[in-house]
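Number of protein chains: 4
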Amino acid sequence: MKALVYNGPGKKSWETKPRPAILDATDAIVKVYKTTICGTDLHILKGDVPEVTPGRILGHEGVGVIEEIGSAVNNFKKGDHVLISCISSCGKCDYCKKGMYSHCEKGGWILGHLIDGTQAEYVRTPFADNSLYKIPQGADEEALVMLSDILPTGFECGVLNGRISPGDTVAIVGAGPVGLAALLTAQFYTPSEIIMIDVDDNRLEVAKKFGASRTINSSKENVVDKVKSLTGNKGVDCAIEAVGIPATFELCESIVTAGGHIANIGVHGKSVELHLETLWAQNITITTRLVDTVTTPMLLKTVTSKKLDPQQLITHRFPLSDIIKAYDVFSNPGKERALKVIMTNE
Amino acid sequence: MKALVYNGPGKKSWETKPRPAILDATDAIVKVYKTTICGTDLHILKGDVPEVTPGRILGHEGVGVIEEIGSAVNNFKKGDHVLISCISSCGKCDYCKKGMYSHCEKGGWILGHLIDGTQAEYVRTPFADNSLYKIPQGADEEALVMLSDILPTGFECGVLNGRISPGDTVAIVGAGPVGLAALLTAQFYTPSEIIMIDVDDNRLEVAKKFGASRTINSSKENVVDKVKSLTGNKGVDCAIEAVGIPATFELCESIVTAGGHIANIGVHGKSVELHLETLWAQNITITTRLVDTVTTPMLLKTVTSKKLDPQQLITHRFPLSDIIKAYDVFSNPGKERALKVIMTNE
Amino acid sequence: MKALVYNGPGKKSWETKPRPAILDATDAIVKVYKTTICGTDLHILKGDVPEVTPGRILGHEGVGVIEEIGSAVNNFKKGDHVLISCISSCGKCDYCKKGMYSHCEKGGWILGHLIDGTQAEYVRTPFADNSLYKIPQGADEEALVMLSDILPTGFECGVLNGRISPGDTVAIVGAGPVGLAALLTAQFYTPSEIIMIDVDDNRLEVAKKFGASRTINSSKENVVDKVKSLTGNKGVDCAIEAVGIPATFELCESIVTAGGHIANIGVHGKSVELHLETLWAQNITITTRLVDTVTTPMLLKTVTSKKLDPQQLITHRFPLSDIIKAYDVFSNPGKERALKVIMTNE
Amino acid sequence: MKALVYNGPGKKSWETKPRPAILDATDAIVKVYKTTICGTDLHILKGDVPEVTPGRILGHEGVGVIEEIGSAVNNFKKGDHVLISCISSCGKCDYCKKGMYSHCEKGGWILGHLIDGTQAEYVRTPFADNSLYKIPQGADEEALVMLSDILPTGFECGVLNGRISPGDTVAIVGAGPVGLAALLTAQFYTPSEIIMIDVDDNRLEVAKKFGASRTINSSKENVVDKVKSLTGNKGVDCAIEAVGIPATFELCESIVTAGGHIANIGVHGKSVELHLETLWAQNITITTRLVDTVTTPMLLKTVTSKKLDPQQLITHRFPLSDIIKAYDVFSNPGKERALKVIMTNE
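In order, the protein sequence lines correspond to chains A, B, C and D.
In terms of our numbering, the first sequence is numbered consecutively and its last residue is 347.
In terms of our numbering, the second sequence is numbered consecutively and its last residue is 347.
In terms of our numbering, the third sequence is numbered consecutively and its last residue is 347.
In terms of our numbering, the fourth sequence is numbered consecutively and its last residue is 347.
Just chain A, same shape as in the assembly (with noise of 0.2 Å):
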């Protein structure tokens, strides 16, 4: 079969490779059908991720058709469509069993990662009954690729974990594709006030159209001033961190109002400063998480319902044959305005 592979920093090629074998009696073995490329795919391109080694199918999002099961996998069969999360997880150990399947004992972010991935014709996916889910008849397959990272990502470390509440003032501090996914799901709750903030106008339109109330750009306003002009000198409820630097946590320690929460999701590759001197005396809470993936049947509803529309997440759509075209796309996404690609196996 084909596949993207990973053959150290900076060098990734289409190439044939083995087709997957059930190695494991929980395996399955998914054809893919759809799949995307991520932040982190770029991560590892550079070289950032040490784990990854040369070799390695890249992708960790995608729908497909089970192709064939392990001796212990019940939930599926032959022939089912299903969505792969970017998580695996074990169900029997104790932190699947908490809920908190980002630290399985075997599994967590291994696809692309780890184990080969899913930017392929076939992926080998362990612990299928824990880690796919039924695609709903008649349900928009490609909108469903969304909900393999990043809209748990954004709903799970964002929404949740930021606790927001009906009437809350928030701000998303990056609008690239977890940013808008954390705005998407951010209206679940119905805040009063949705603040994106980002450089680029571009993403900043975008936010808009995806329910944004404001946008700031910092790199042309003083934002800290904005924000507590908008908040009646407060600052917000809840600050959403996803960019992953420096800067841009900060930012979130200087609007979150008294009693309010920063919730990480950016990844970040330095520490930051904490800013206790102040902040000790603010009831303040902050959350980080690598995505569960817990909230995938709650989200799943969401969509059979009408109630969130992943497809306007997705921009650019290309053959999976084509998918060194798509990385160019995704890695320029000022230039292309781009936010997630769609590769699919035809």
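Check before you lean on any hint, since a few could be wrong.
Identical chains share a label here; the pair holds if one copy fits it or two copies do between them.
What the hints assert, rightly or not - Taking lysine-lysine and the DSSO-like style, the derived pairs with C-alpha atoms no more than 27 Å apart in a straight line are:
#1 LYS78 with LYS98
#2 LYS12 with LYS32
#3 LYS107 with LYS78
#4 LYS209 with LYS308
#5 LYS107 with LYS308
#6 LYS235 with LYS107
#7 LYS229 with LYS135
#8 LYS99 with LYS307
None of these hints come from the bench; they were simulated from the model.
Please read these numbers as outputs of a predicted model, since none were measured by experiment.
Assemble the complex: chain A is given as a structure, and chains B, C and D must be docked to it using the hints.
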């Protein structure tokens, strides 16, 4: 009357001041019966709290007897024995209505800070109905002085924010009075282990008596290694910071397990380094809080029913007129083996 | 002034009464601008609420303008436009401190019940600082009359107690004003389905316009079968009772899924049969609540930010002097297609 | 092997049955070391549980040693000492994923009910990885038999559902083994008062030893009056029903305070009268639950750390071969002063 007056950095005196009078209809005048000294008072005396201006009577803890009430006070009458909360709550602003008295628009921590305090023969307490608590008949009034500040502080900022649950492992960094208050109230929730960490062997000895299951002298042992070895290499479910310096907060970052809580109690004068480069994926929660004293009624019930014995925090007793001597003792806790010192207005 | 007076079972009149005066320092006198009639007022008139004595001015909802304040009122001044809450909260008792204003030791539901109410040109509102809410500049004051009672009632007793979450299935039994208020505010949490159940096709039609995804006329269809068929044979996650009779509560018992919630809003006059012989093993939660109006500030934010449109609950308008006619209309909701009727004191 | 077999209403015998074998890849065969009898077993023998068919081996509690595992079992190996949960959890269905194992689509309470149980020399336990728990080295295995059912039942259905908090007042109606299990685990949360109510003075005596602060013999005293007098005329914050008949549930309705919780544990055979005509306005919460055993890991930690001593629930011990005698004793708790009886397979 006599009172302990702050006369600028490094200067305090026991001097004659006019007896306070009712200024607002919601005020009460309380004849102080017993009061104590807080670490914050020492900070003020060093000049670290510039809002405190020379001439201010210090003190924000104590019990006493109602001498006079303003016309709008309904819950109390002359002669009632009352506990004075360190936090004044107007009961009418948005913060008070949501139980965040620390940020009361007209109150908060003002006693011995922005208005005259309790280290005096009489004190004016604003918003008496919402800031004083009736002392139950037969209660040990001296013990209740510990409920003015340190017990709700340890409980709310440390134990409640740390979400301690039965079976949890807990580490408390700092075995001073507030850390010990957290230790006492953590036991309300029956954790499996409470590891107390300090540099003072005497305080660690006290911690053992107060219920710590383990102690670590951080000047002699590698705390991270020791905590890891005591917790199956995982770290603690809840790390409580009760010192207020970068080193101890960063220690908490190093010993908290995935999915765990860091509950800050310490009053910090500097920013700390938050290691998001590892913590971003660890599903942790960090909280800060200025005590709200919203749990004072709950704590009173635990004292009345003998589930909590605050007496044991008191190591020294003086007549109120010897308050200068009391400050000397409290300022040298290592040498004097002092925790809380009680001054009685006889 | 003129007022609507209860003169014993079945008797009411629009008569001249003395204008109310400040009795307590925490009182305000409000010139009523708009008021409405509640189902409870009809119960009183039937003689079902014996605490209401002849001579009582009815009404516990409305907006108006502050005419005079007592000496202990701080949050308001003459001329302020205010929303009157149906629940009076002293702000100082144990219940008020924990947000359970409905059981306030001196307040609770007293307006138009134990003291004179709002269906008059002027009303005395006790505990003004904790029981009135400033109307934001530019707000639609008529719409805010819905926030005096029915919106917090539907929201607190139905939606919050029912723990509605994104993707949930919800059934609301009773499409009267309070059931519709639950319907409107349930949508704050983005459930997948809201099934509205009533015997009146007109009200079900209204429910559809207000956002119900399904409606069932229980006089024509088998509700249990229909709900089961709409929910994959499981029943609903949340069943809200908004009628107040045994049959509708027992219907909720029959349609709630394992692990679900029954949230009672209805005012019941009789006991109901609780089928513990099946429900004991169904992991369900049943809640009751007299509205606390503790969410009024939150609801005001959702109205101000246009997330909630209470206007749509208003079907009829009268001058206050035509209140007898307004009662006639409100008492015949089927014939008149009446939901809430507004009376304006012009 | 030998086993206790249900042969229809009123008939049981200790007879020879074939040793169980692995049927599914997720099964384990456990050599039973110690088991016990549950009140439910007595119900089955009376013929009250018609799903139990003649020929069924009874018992759903016990500890033992793994004899054999199916090919899909990963957490255990032959020779491991294990605690058997009364609830089997597949770990893969929607209910298991949300921690509601009681309603597992393939499991739930099936042992000694729909499949053969633990009152035998060997037992087949389905879904071993999610339904057995490794016994920590050095643990008191006999004591852990109490964790198969009654301790998680008392804790989850009574204590957790009753939301017991420090300082609360609690009443437990029924001082049988499960009520006593609730009593022991209620103390995890440090309530002020635990009032134990029963008709048997011996059991009330035991309750005192186990930590009850008050006891009431309901055959001798007016419980409602007594509870009211012990709680400042308010009633209890939490009333736990641990009997399963209308009278005791309705007692709970009479003694719960406004804002309080009624947590049902009892297995009911009939409906009860729910007094909504008063309770509708009392802001109460009623919960039901079939134990999920989701807290078994937490309970194991509390036992290992000596915070909970389940031993004290055991009053009688027999060799497994004397199980008929053990049933006789357990069936006459009043006369025999029996709580839990342990049978050892020697």
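Point to revise | Earlier hints that do not hold, by number | key: Hint 5 alone not satisfied by this model.
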